[in-house]
Amino acid sequence: MNQSLILAYELGNEANLYGSYRPSSYDVQAYARDMREWIPSLRRQKPSANAKFQSPSFAGPDLATKGMSIARLVELGMPQALPEIEYFSLHGYPYDICTLDLRNFLSHTKTRNIIGRYRSEIAAAKPLGKKIHMGETGSVACHGKDGVSNTLGAALWELDYALIGTVSGINRFFFHMGQGDYYYSMWEPSRSPHINPTYYAMLFIADLVADLDSPRVAPMTDLDTDTAVHYAIYDDNQLQKLVLLNLEYFSGTSQSARPSRAYDSARLLGTRLKLRRLTGANSAATTGVTWAAQSVDANGFVTGTVKTEFVDNGVVSLLASEAVIVERA
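At the far end of the sequence shown sits residue 329, using the UniProt record's numbering, and the numbering has no gaps.
Wrong hints could be hidden among the right ones.
What the hints assert, rightly or not - Here are the simulated EDC-like cross-link-like pairs (lysine to aspartate or glutamate), alpha carbons at most 16 Å apart as the crow flies:
#, residue 1, residue 2
1, LYS110, GLU309
2, LYS110, ASP96
3, LYS274, ASP222
4, LYS66, GLU10
5, LYS126, GLU86
6, LYS307, GLU327
7, LYS52, GLU86
8, LYS307, ASP226
9, LYS274, ASP224
10, LYS110, ASP27
11, LYS66, GLU14
12, LYS52, GLU75
13, LYS131, GLU10
14, LYS126, GLU75
15, LYS46, GLU84
16, LYS110, ASP226
17, LYS274, ASP207
18, LYS46, ASP34
19, LYS130, ASP96
20, LYS131, GLU84
21, LYS130, GLU86
22, LYS131, GLU86
23, LYS52, ASP96
24, LYS274, ASP312
Treat the hints as calculated values from the structure; they're not laboratory data.
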């Protein structure tokens with residue numbers, strides 16, 4: 001295997017959930033002893049590969065076996081003793097298939113609180129100079145929920161979740177993928193291949209940073225509400241773009257008009273602005289979602305023509321359950 005294509009290996013998956021697969025006495029100290037033995041042993045099998053690892057990949061925070069955490073491993077000195085560990089890794093899903101509602105994902109407050117659960121883990125990792133990854137994540141544990149994880153609302157949640165996480169100190173997010181009723185997958189190469197709305201969240205982020213050499217995300221909490229969300233995007237120290245989200249839920253089943261919200265961006269970027277829009281028919285849309293008026297078909301081809309919108313007064317309007325990237329025209 002070409003090692004240049006591999007960022008890092010995870011040795012073991014969610015050891016705090018092993019349960020009966022380990023003795024009842026198996027705890028964070030036992031895990032640390034295993035890693036001190038196994039990781040160097042694996043490296044010795046093929047030193048030329050210079051394999052890197054990310055650890056500990058606990059599901060969390062603090063699930064099942066209590067005390068299994070990055071913070072505790074740092075106290076025990078495990079990562080300090082293993083230079084092969086290049087990255088710290090967390091695994092996390094905010095909801096399970098038994099307790100969810102799409103509206104939970106369209107709450108900036110709830111999403112901020114989800115990331116806040118990892119505050120102590122992030123704080124423990126940073127003094128060691130190691131990057132921290134959300135090594136496995138998604139909207140709903142156990143492969144997602146139809147009508148929730150594969151919706152426009154879930155795509156908007158992934159944007160908010162990743163941007164809050166970035167601001168909080170998480171360096172990378174790895175969203176879980178699979179085949180066969182993996183509703184949170186960005187695409188499924190199944191017998192009926194298709195793109196899910198969460199794929200457009202990835203296109204959104206790719207476009208956001210593609211032309212920036214040193215992108216940096218900053219929150220704008222003084223402007224935020226539970227459903228109106230703002231992020232400032234810098235290149236080094238120069239403000240270049242805004243990300244605006246309208247997380248208001250819209251079912252599309254009522255006769256009332258779809259609500260909209262105006263975001264005055266003139267003070268930050270001036271009055272002449274251009275923007276690209278992530279949108280769909282309603283919050284629960286599983287098809288018909290577009291990014292900059294383009295979509296991706298079942299064969300993976302982009303269809304439609306890129307649409308860039310312009311405003312002359314610095315005010316950007318978003319319908320309920322939309323997101324935009326705004327920059328100077």
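The hints, checked one at a time:
1. LYS110 with GLU309: Violated, at about 31 Å.
2. LYS110 with ASP96: Cα-Cα ~15 Å, so holds.
3. LYS274 with ASP222: violated, 24 Å
4. LYS66 with GLU10: violated, 21 Å
5. LYS126 with GLU86: Satisfied, since the Cα-Cα distance of roughly 12 Å is no more than 16 Å.
6. LYS307 with GLU327: holds, 14 Å
7. LYS52 with GLU86: Satisfied, since the Cα-Cα distance of roughly 6 Å is no more than 16 Å.
8. LYS307 with ASP226: It is violated: about 29 Å lies between the C-alpha atoms, which goes past 16 Å.
9. LYS274 with ASP224: Outside the cut-off at roughly 22 Å; violated.
10. LYS110 with ASP27: violated, 31 Å
11. LYS66 with GLU14: holds, 13 Å
12. LYS52 with GLU75: violated, 22 Å
13. LYS131 with GLU10: holds, 15 Å
14. LYS126 with GLU75: Holds. LYS126 to GLU75 sits at ~14 Å (cutoff 16 Å).
15. LYS46 with GLU84: The hint holds at about 13 Å.
16. LYS110 with ASP226: Holds - the C-alpha atoms of ASP226 and LYS110 are around 8 Å apart, at most 16 Å.
17. LYS274 with ASP207: holds, 14 Å
18. LYS46 with ASP34: violated, 19 Å
19. LYS130 with ASP96: Violated: LYS130 and ASP96 sit about 30 Å apart, past 16 Å.
20. LYS131 with GLU84: holds, 13 Å
21. LYS130 with GLU86: holds, 6 Å
22. LYS131 with GLU86: holds, 8 Å
23. LYS52 with ASP96: Violated, at roughly 31 Å.
24. LYS274 with ASP312: holds, 9 Å
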